[in-house]
Each structure stands twice: as C-alpha cells, then as structure tokens.
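Asker: Chains as they are written, first to last, in this note's numbering: chain A, 1 to 348; chain B, 1 to 348; chain C, 1 to 348; chain D, 1 to 348.
Do not take every clue at face value.
All copies of an identical chain are treated as equivalent in the list; a pair is satisfied when it fits inside any one copy or across any two copies.
Here are the simulated lysine-lysine pairs, DSS-like style, with alpha carbons at most 30 Å apart [unchecked claim]:
#	residue 1	residue 2
1	K161	K287
2	K253	K226
3	K253	K46
4	K287	K46
5	K70	K96
6	K43	K270
7	K226	K161
8	K161	K270
9	K131	K96
10	K21	K76
11	K270	K253
12	K21	K287
13	K167	K226
14	K287	K44
Keep in mind that the hints were calculated from the coordinates and are not lab data.
Residue strings, one per chain:
Number of protein chains: 4
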Amino acid sequence: MQPIEVGVLGATGMVGQHFVKFLQGHPWFQLTWVGASERSTAKKYKDATTWRLAGAMPAEVADLTVEECKPGNAPKIVFSATDASVATEIEQAFAKAGHVVVSNSRNHRMDADVPLLVPEINAEHLGILPKQRELRGWPGMIVTNPNCSTIALTMGLAPLKQFGIRKLVVTTLQAISGAGYPGVPSMDIMGNVIPFIGGEEEKMQQETQKILGDFTGGELRALHAKVSAHCNRVAVVDGHLVTISVELEHKPKHDDLVHAFNSFTAEPQKRNLPSAPNQPVIYMPEKDRPQPRRDAERENGMACFVGRVRECPVFDYKFIALAHNTVRGAAGAAVLNAELMQSMGLIS
Amino acid sequence: MQPIEVGVLGATGMVGQHFVKFLQGHPWFQLTWVGASERSTAKKYKDATTWRLAGAMPAEVADLTVEECKPGNAPKIVFSATDASVATEIEQAFAKAGHVVVSNSRNHRMDADVPLLVPEINAEHLGILPKQRELRGWPGMIVTNPNCSTIALTMGLAPLKQFGIRKLVVTTLQAISGAGYPGVPSMDIMGNVIPFIGGEEEKMQQETQKILGDFTGGELRALHAKVSAHCNRVAVVDGHLVTISVELEHKPKHDDLVHAFNSFTAEPQKRNLPSAPNQPVIYMPEKDRPQPRRDAERENGMACFVGRVRECPVFDYKFIALAHNTVRGAAGAAVLNAELMQSMGLIS
Amino acid sequence: MQPIEVGVLGATGMVGQHFVKFLQGHPWFQLTWVGASERSTAKKYKDATTWRLAGAMPAEVADLTVEECKPGNAPKIVFSATDASVATEIEQAFAKAGHVVVSNSRNHRMDADVPLLVPEINAEHLGILPKQRELRGWPGMIVTNPNCSTIALTMGLAPLKQFGIRKLVVTTLQAISGAGYPGVPSMDIMGNVIPFIGGEEEKMQQETQKILGDFTGGELRALHAKVSAHCNRVAVVDGHLVTISVELEHKPKHDDLVHAFNSFTAEPQKRNLPSAPNQPVIYMPEKDRPQPRRDAERENGMACFVGRVRECPVFDYKFIALAHNTVRGAAGAAVLNAELMQSMGLIS
Amino acid sequence: MQPIEVGVLGATGMVGQHFVKFLQGHPWFQLTWVGASERSTAKKYKDATTWRLAGAMPAEVADLTVEECKPGNAPKIVFSATDASVATEIEQAFAKAGHVVVSNSRNHRMDADVPLLVPEINAEHLGILPKQRELRGWPGMIVTNPNCSTIALTMGLAPLKQFGIRKLVVTTLQAISGAGYPGVPSMDIMGNVIPFIGGEEEKMQQETQKILGDFTGGELRALHAKVSAHCNRVAVVDGHLVTISVELEHKPKHDDLVHAFNSFTAEPQKRNLPSAPNQPVIYMPEKDRPQPRRDAERENGMACFVGRVRECPVFDYKFIALAHNTVRGAAGAAVLNAELMQSMGLIS
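Only chain A is shown next, with the shape it has when bound in the complex:
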C-alpha cells in the first residue's frame, strides 16, 4: 500500500508531540506536514520544539519545516492538536478547504452534526457526515474524539450497553499528563489531590451521553442516561482511573458481566485496524488491578482495563476502568478514528 500522507495541526505542543510519537512507524500514515503557530513557522521541527516525551524525537520528523496552520500545501488528512482557543477557526478553515480534520480538540465535540467517535462504540455515528457536509457546505469534514477521562469511562461501559445503562455515578483519578506542559505545578500535586479540573465534569457527563447514543439515520440521539462525575487530579504520570457505579435496565449475573467485558469486540478489531488493540476491554481478575503505573501502557496504551467488578449496594454493579490518557485518550484515539474512516472508504 502506498503510504498516505498526513499532517498535524499544533504539532509542537504536548498533544502534538504525542501525535508525532504515535505516528512514528505507522503502517498506513506518513507524517509529512507539521503546522504550528506563527512563532514556530519556517523553523525546522526540531528547532521549534522542546521535546518533552520519553525517548528521542523521531528522526524523520525532526527536519520537517513547520508550516502555518493554514490550508494550502497540507495533506488531505490532518490531525488537530490545536489549542481550544484557536481550534474552531483553524479546523473549520481546513474542512472548508476540503481536508479531513481528525480532531482531538474539544471545540466541535458536542456539535449536533459532528461525530464524537470511538470506533469500538459508535462507528455508525459517521453516518452523520453527509448531513455535516450539507449543513456546513464543506467539501471536507470534522470528526472528533472524546476527552481523555471520558474515553476510560465509555470504553469501560461499551460492553454494558446491551444491558441498558440508566444511571452512572463516577469519580476520576486523573494523571498529570492530561494537563499538558507545564500543566500542573508540582507545588499543587506533590503528596496531594486536586479535587477539581475545570470543565471536566461537564465534558464527561455530556460526551458520555453522546458517545453511547444512537444514530437514528437522521440525527445523533444522546443516550437517555443520568451521569454524575467527580473529577480529581492525582499524583500519577499517565493513566486515568475511574470508579463507576452503574444502574442497568437488565441486571446481568456477575459471570455474564465479566464475560461481556472479556468477549467484547467491535469494528476496529473486525477490520484489523493497525492501532486497534486485539481486545479493546481487558478484565483483570486480581483484586487490586488495574493500576495506572502498572497497566496503562500495556497493549500500546490502546486498551481499556477494567477490574473489581462487584455488586453495588445502591445501583447494580460497581467497577473500575483505566485508560492511557495521552494515547487512547488523545493521539491514539484520533489515529484510530482516521484508520476507521480510511478503512470505510470515507477518505477519498
């Protein structure tokens, strides 16, 4: 297969660096174009970027010249790692110019005509794209992935959708890498918990309803479930953990629930997408797992780990879910989205 050229908008920031790292050696996509703010343009990527990730900057990207975040010579597929303050304008300009914008930014996630895509959960939501094109008049399109805490929750819930999800009370224990760089001051988080992350609870509550909802053929209909989130930052580098109490329409037996987790498979696995984990949701039988430092990086950071499935005295069941926030919750999520779209022939 001929490599498909891709670009990254906001490539010099932390999220952008995660895209650069995740795309390294990708079997389908080749990163040939990097865009950033004016301050960086015309410099080589290696000169414009303070590389903050573990391991060295990928050599094949180091010498790319940073471009302005404007359509023109960019490839058809662009991943957006732009800051929320500029993402609306930039992403729309690219869609208007015919690009497929696969965005990690929050700006368009809740738009009625934009898929909030998790390939294992709602591949059919891509059916809204013709309506997006019609309404917006764009030759291109915008597709988004969820917030990094939402992904752990919704992946963990995906196998339970069949039982009818009615109520959710969840608490997150989120890693510092979710706040970017410089992000969380060490004086705030060392030996401490910060029991607040601006806008996060609202995002988790709304995004979860949209992701787990249905595409009716005409519109994306949110799941009619009540969701309450408590979001906290803890002293962990990578990996968001969520405690989940859930009320279901049809309460399964414990064994059936565990089986539902372990047997869950979906579109990315059927299509054998290159970034798809073999098993998207992995149930850990140990009494004290999953744990962020020990488990988040397994399966290349693309799986969701669940554990501690037990009866909930208030609802039906309680359990925990873990996902790697900068991989499955950001760069890896967007790349998997692009793989699904490519595989489905949506990118011509």
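Start from chain A and add chains B, C and D according to the hints.
Answerer: Just chains B, C and D, lined up with the frame of chain A:
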C-alpha cells in the same frame, strides 16, 4: 482540675505513637501507662519504640516502662491502639477488670451493644452502655470510634442528617498513613493508585449506617440508607478525601445546604471539650478545596473540611469531604470520645 | 516594648507570602505595609493575593491595602521579597530613601559593601555597613541573606570553621518549594530528579566563601576555600538536603567534631533573638537522619540539622546537612537578620 | 544457532523476576529452569510467584515447575538472583557441580579470584578464572556483576580511565526499585529523601576500585584511586543518578572529554553481543539531562547516560551519570556477562 491518668494499649505501634503524640500536653489527661506486646515489656518506652512521627518523642513518655497489655496497675481509662488480631481479647479483659476502654480498633465497632461514637453526631448512642454492662456483666465498658475513612464521610454528612439521607455513592482517595508502618510499599504507590483496600468498603458502608442511626432508648438502630463505597489508596501522606453523591428526602436549596455545613455545631462544642474543633465542619468556598496536603492539618487535624457543593445529575447534591486520618480518624477521635464521656460523668 | 512596624516588598508572591506568614504574631515586628507590582496596588491584600501556603492567610494582613513598591509611607524596616528582575532598582530606591532593606533577593548579595548575613556565622560582617553608607551615599542600607541551598551548607559548616575549611565537594537535593509558584512543573519532577538548577551552583560556591569569610575592619574577605557544588531538584516539598565532603586544616577526632556541632552557639542565641533556634545546629545520631519531610519543620524551621558524620576516604569527613528552605533559607533568615540589627542598635 | 538453556536461582523474587523478564525472547539463551526456596518448589512458576513487574508474566515461563536451588537437573548456565543470606552456599554448590554461575549477588564480588565483571570495562578480568578453578577445585565457576549504584559510576568513568582516575567524590540519588519488594515503605520515601542505604557506600567504594583495576596476568589489582560515596534514596521508581567530581592524572580539554564519552566502545560492541547497547556511554548535551524518569529506559535500559560535564573548582571535572538499576544494574548486567563469556568460548 486534677489530671486524670490514662493508658495506651499497643503504645509502641504507629497508632499508639499517634496517641502518645496527641495526648502530649492534654489539659485533662495525663499519659502515665503504656502497654505493648511481650517483646517490649519491661523496657523503657524510648527503647522499645522506633519513633516514626514528625517531631521528637514526648520526653515525659520516653522513660515510662512498657507494661504487658493486662489489667492490673493500668489507670481507669485506657485507649486501645491494639492490633485487630489481639484487640478482642485484650479489650474485653480490660472491660471485665473495670476499665473504660476507648478503642480505635475495629473489633467491637459493629457489636450491637457497643457505641460507635462520633461526639458531634451521636453522643446519645452512649445510652446503650447500661445495656452493654448488663449483657456482658462488665464493671467497665468498651466504646469505639470509626474507621479513618468513615469519619470523613460521616462528619461531612452530619449537617445533612436533618434533610434525610437516603442514598450515598462515595469514592475515597486515602492517604498512606492510614496503612500504618511499614504499610504500603513505595513500589506499589509511587506515581500510582491502588484501587483496593481490604475490608474498607464494607467497613465504610456498615459503620456509616450505624453512626448516623438513632438510639431508640432500647437499641441502636442503623440508618436505613443505601451506601456504596469505592476505596482507593493515593500518593498522599495524611488526609483522606471522599467524593460524595447523596440523595436526600428533602432537598434543600444550595444556600441552605452551605449554611447547614457552616452553622453545624454539636455536643463537643457546647461542652467546650478540649480537643473539639471550634467549628466541626468547615465549608471551603474555593473551587478546588479542600486538599489533603494543604488542609488536613488545620484546626489541629480535628475538623472535617467540605467543599465543591453542587447539584448532582443523578442524586440531589455532590460534594467532597476531607479529614485527617490519623488525628480525627484515629487518636484524636478516641481522645474526644473520652473527653465527652468524662464531661458527661460516665467515668466515675 | 512598642511594636516596630515593618513592610514587605513583593508581598503577594510566594516569598512574600512566606514573610507574611513568618511575621504573624512576631513579638517585635508588626507587619503594617505590603508592597507589590502595579497590578496589585490599591487592592486589599486578600484580593490581590492567591494564598498558596498551608493554613489560612493571617487575618490582620488580609485587609491591608497593597502599595506600590516605592518609598513614601513605608515603615523604616522593609523586607524585600521582590523578583530579581526588579530588586536592584527597588531596593536601592528604598535604601536611598533611608530605609533598612533586609533582602532575600540575590541582586546585592555579592556586592563588596553589602553584608551577606547569617547571624550565627558572621554577625561581624555588619561592620561593613558604614562603608556601604559612605560609598553609596545612602541614609538607609541593604543587608542580604543567602540563597536557600547555601544556608544549609554554611550553617552545617559553621561549627567547623575553627578547624580550617579548605575544600568542599557538595551535592544538594533541593525541595520544589525553592522554585516558587508555579515553579517546577509536575511533569518534570514527579518520580524524577532534575539535575540542574540555573545559577544555583555558582551562587552556592561564591556565597559560601563570602559568608564564611572575615571582616578585616576595612573589607569583607572571602574564605580561601575551594567549593564545588552539584545542585539537584528532587520530589520533596520543603527542606534542602546537602551531602558534604570536607577537607580541614586541622582534622579533629570524630567525637570532637560531633561535640563541635552540638555545642555550637552564637550571637542570636546570646542575644536571645525571638526567631533564633535554641540550638542552631542539631546533630542527629540516627543512622538515616536528618530527612526533609520528617525534620525540616522542627524548631520552627530555623535550625540546621546535621547527621551521618563519618570519615571521608578522599577528604577528612563527610556528613549531611538539612535546612528548611523557605523558612531558614528565606523569610526566617531575613527576619532573624533584622532582629540582630535591631538588637545591635543598628536601626535607629 | 541452537538455543542455550539457562536457569535462574531465586527466580520468584524481585531480582529473579527481572531476569525472567529480561531473558524473554533472548536470541541465544532460553530460560528452561527456575529455582527458588523450598516454599515454592514443585509449584508452577505462575502459582509460586506474585508478579510485580509492569506487563504480564512471560507465558513460556509461567508453566515451568519451580525446582529447589540445588544442582541436579539445572542447565550449565545459571543466573543467580538469590538473597545474600543464602547466596554463598547455593552459588558454591552450583560451581562445585560444574555450573557457570553468573551472579548478581554481592557475596563473592570482592573475592580475589572472582571477576567483578563489566564487559565494557574489564573483560580481561575473566583471565582470573583459571586461578579460581585451581584454588577452589571447582569444575564450574562464579562470575559477578557490580552493585546497581556502582554500575552507573563505573560505566560513566570507563571512558576516563585513559586519563588516570585519582580521586572521586560521588553522591547517588537512587531509585526505590533498587531495594526490591516490599522494599522501601512509602511512609519513608514519599516527599522525602532517605540519606542512608546500608552497606551501599562501602560497596561503591570497593567495587569501583576493583572494576577499574587491572588483571596483571596473575591477579586482579585494584585501581589505586580514592573513592568517597554518599548514598541516598529518592522518590524515583527506576534509574540511579550519580553526581561525580573527579581528579585525573592528565586533565583533558572539555571537548576531548566529551569526545571520550561519545566515542567510547568496547568488547561487547565489537563482539556484537545481543544485549550490548550500540553506544555504551551516551553524552547528553542538554543542560538538565540525563534524568531518571525520562532517560533510564532508553536503549533497553542497557546504556549509561552522562551529562553536565563541567570544570570542578576542587578537582578537574564534574558530571552526572545515570543507569537503569534493575536492568543495567542487575539482570541485564548478568546476562551481558554470560553473553561475553559465551562469545569468548569460556562456556563449553
């Protein structure tokens, strides 16, 4: 006032050391007797103890001779910091010998005739003591305080009891000091979360119902509320934080709820007990407080801090509560219990 | 005694907050004036300041109106917590206007006519002040305290000055609070060491020579010792630890060295200055002490703790020293400097 | 090539687990035999072992039956991860029975007839083996690798041996994984430094002299250099960092020193041993690198990273060195030793 002599059972362990530290300079109680396991007896306290707390070992205790944990020459009031594996036998032996056993151990907490006392919440539960004496035939008595995570939850809920507590879904983020010494291996908790603490969820669920229940005159009747707890260990030294979603019988307005927290006062404040905080529950209006490292030690570690009071999409309200686990959740709790009993004339 | 009014320049920043906290309840000095940058002036201190220290903002300061950092209505004594980028100009303006500027900033520390004062070590360096006045033509004066890592080293060395200090190889393990707020990003220091602190090694090397040097009557003569420093940031909140290998002119016996530490006393102790620790250097006999989290806050954070005194295979002895960087290494150091000057009648 | 069967003594412990993990997929060696204490024998490895490393237990080892640590059916090459309390007896029994014991234990490191091998530094020390065989009368042999902190120091010094190493003052900042499991209690290290590791300074001082010494043909002659070590435990998971001040016989220019680091290569590279890093010592030009969390795992954890090379005011140069303590400092070190011996035809 003549100082009242007191003893500590299990004085050389971590909880015992917290008792020793907390009793230093106490206006009513004077620590004159320390008991420990055979290995330590007949040694001076300073020779039998590896002191692990910040600050120096109190000089007036350093030279006490460690006694066996057997009644005999011990003072009337003994605080029990004994390990659960031996607490039942030791505490009962002291009660049988006429001592007032004020225990931090879990062994008798759920006994129907033993008060699980939080002076701000259920001072009237002491009314069960005559029945305890009658049933057990002890000239002495046993009174207990709750688990260190239960205390943060129940103190935070105390001002809401008037609104009728019906359902609770809570998640704890608990400090490592709650596990004693050596306790949690650093390889397990550094940059990590351990989403499991053996027996803790069951304790929180049961103890909360007992603490918030009523004394009918004849028996202690548990609160008929559903409680679901998710317990986690996080990389914090001192201070247990709890996220709380609560359903109430009568939902107050937001302002009335905040007022309920701020205006809450109880028996220890009325009686001006020496270890009682001026204001037992302190509402913090900042968007990201309370926090364990910054707030747990305020008010000598004896208050409960609450914050982030907001509507819950599933129940009525959600908020967070914080208490110092080794002070308000252990040694300080027991000492306040003893102060209340002394003040009420229950210790003759 | 009538309280002496004092002010703090740069009062809203982190170092400024440490001054505000340290001065709370001071027996001699009363904080009545707070200065900050233009952005904050005319606001109340509580409105201009995001309070970041443990415990609440002192009530008596909360309602002070923040002034511009310009002489005028400021009290005679002003503590300078101003940023290095503006400290030269501001401090000189105050000295020119007749104020006694007791500075924690680095700007004037190495000036030949400015004392780099550690009251336990070089009180006689204040003898340079008449020369400062003469050279600068200021009715006021500037006195400085050392960098927060230098203080642990020089306090630990003070008792050894009698043996002739010739060579020093030292490595610091410094707390994050030394970098202010937001300071060190958690992504940099969590589970990590940052083996570099800009300018710190040079400061430690030069300041140590000046502090341990002599006042000849005419000038401050640096100690003719070679000093090599390796500075590192570690995941500790408060307390800088230093490993020290030292070559001496006259090597004492081990017992004599320990005795030198334990018996060390100096001017602040003789004068019974209110912030002076009873024993400025405390030798800890345990094999693994001092430790930052367990020891730095003892003695109100004003003592230096040393330990692990043993033979050095390369030089004569090696040992470790610990001091609280934001107390003894910043606010407390400056306040003790002012107390010494007040006690010596240098502030008329 | 036919796979060479190997065994691990003490395979269920933490160091043993590191061997099991490191040997997974090894191109020459196949782990077919695991030995442990009596408690574990006759169980399957997966049942006898609480797996504590990141990632899953290697499937091909999980079903091996654990054997007693006695010669018999063990393969020729056995790696020793046994506890120091039993290593002397066990290792000697295996050597006596004809096995090549490649040991990570400290017990025989300083024996005059046992190589303390670092293949990049002293491959010629293997020349002492005939003497070992002669003296001990063993058909087998014992070869050791250094302590995990010594390895970072000696690898960092290897390129400087040519300049004549005379004096060293070093301070370590060591990771918690170096203490095994449960190892360091979190109450001791969280937000703290433990400035003492039992026996570590002596080991670093002696082992460094032996490793950097020469094989004269008849004996191993220690390097005649003075070494002083300060050892500290810090809140880092993996990676020991060392600050180094060094006096040399012939002081090179700065550029020549950097060149010496970067151009250093040795026997394992020439022989292209499978676990050998391409470049054994990697100089990092950034002002604040290497750092444990960001760099220790690069190059499969087998390289030594150095940085911050600068003039030392007391000696000639100072710099820092970092190595992965459980890989290059333990399991990986021993495996590389075995590879060298195999490549040299010493294992028949």
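Asker: Compare the structure with each hint and give your call.
Answerer: We went through each hint and held it up to the structure:
1. In this assembly of identical chains, the alpha carbons of K161 and K287 lie at most 30 Å apart only when taken from the same copy (24 Å versus 34 Å across copies).
2. In the homo-oligomer, the alpha carbons of K253 and K226 lie at most 30 Å apart both inside one protomer (23 Å) and across protomers (21 Å), since each shortest distance falls under that limit.
3. In this assembly of identical chains, K253 and K46 lie within 30 Å of each other by CA distance solely across copies; the values are 29 Å between and 54 Å within a copy.
4. Within a single copy, K287 and K46 get their C-alpha atoms only as close as 45 Å, which misses the 30 Å cut-off; across copies the closest is 16 Å, which meets it.
5. With identical chains, the CA atoms of K70 and K96 are at most 30 Å apart within one copy only, with a shortest distance of 11 Å there and 55 Å across copies.
6. When the C-alpha separation of K43 and K270 is checked against a cutoff of 30 Å, the pair qualifies neither within a copy, at 42 Å, nor between copies, at 39 Å.
7. In this homomeric assembly, K226 and K161 come within 30 Å of each other (Cα to Cα) both inside a single copy, at 14 Å, and across copies, at 25 Å.
8. With identical chains, the CA atoms of K161 and K270 are at most 30 Å apart within one copy only, with a shortest distance of 19 Å there and 53 Å across copies.
9. In this homomeric assembly, K131 and K96 come within 30 Å of each other (Cα to Cα) only inside a single copy, at 15 Å, whereas the closest approach across copies is 73 Å.
10. In this assembly of identical chains, the alpha carbons of K21 and K76 lie at most 30 Å apart only when taken from the same copy (20 Å versus 43 Å across copies).
11. Taking the shortest alpha-carbon separations for K270 and K253, only the intra-copy value of 27 Å comes in at or below 30 Å, while the best inter-copy value is 51 Å.
12. Taking the shortest alpha-carbon separations for K21 and K287, only the inter-copy value of 23 Å comes in at or below 30 Å, while the best intra-copy value is 34 Å.
13. For a Cα distance limit of 30 Å, the shortest separation of K167 from K226 qualifies both inside one copy, at 5 Å, and across copies, at 15 Å.
14. For the identical chains of this complex, K287 and K44 are inter-copy neighbours only, at 21 Å across copies versus 49 Å inside a copy, given an alpha-carbon limit of 30 Å.
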